[in-house]
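Engineer: Sequence:
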Amino acid sequence: MIFENKSVDQISDQEILELIKASTAEHLNLDYKQTIELHTDAQKFEAMLDIASFANADGGYLVVGMSDDDTGHPLKFEP
34 MIFENKSVDQ
44 ISDQEILELI
54 KASTAEHLNL
64 DYKQTIELHT
74 DAQKFEAMLD
84 IASFANADGG
94 YLVVGMSDDD
104 TGHPLKFEP
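So the sequence shown is numbered by the working numbering: it starts at 34 and just counts up by one.
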């Protein structure tokens, strides 16, 4: 996987910034979200779908605070 199976607390901001530098696109085990909103049932459902898709795909990373272009390539990280 992209972060060598590291746990969240082992991933540095620098490693996340490397995703931008390398223009690493979203894929089966990597998703970018600028924010996660959980105010409505629809927003909660969307977040759960993202999490469930990783569970069904042998894990993955949801990078919150990362904006992306319309093709899934990262643009800016603002945790």
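Read the hints as simulated data drawn from the structure, not as lab findings. Careful, some of the hints might be misleading.
Claimed, not checked - DEER-style ranges, computed between Cβ atoms:
#1 ASN62 to ASP42: 17 to 25 Å
#2 PHE78 to SER45: 29 to 37 Å
#3 VAL97 to LEU61: 25 to 33 Å
#4 ASN38 to GLY98: 27 to 35 Å
#5 ASN38 to ASP74: 18 to 26 Å
Said to hold, decoys possible - Result set (DSS-like, lysine-lysine): computed pairs, CA atoms no more than 27 Å apart in a straight line:
#6 LYS66 to LYS54
#7 LYS39 to LYS77
#8 LYS54 to LYS77
#9 LYS109 to LYS39
#10 LYS109 to LYS54
#11 LYS66 to LYS39
#12 LYS66 to LYS77
#13 LYS39 to LYS54
#14 LYS109 to LYS66
Quick caveat, the model's predicted, so the values are computed rather than measured. Ideal Cβ placement from N, Cα and C applies to all residues, glycine included.
Engineer: Taking each numbered hint in turn, which are not upheld by the structure, reported in ascending numerical order?
Structural biologist: 3, 4, 5 and 8
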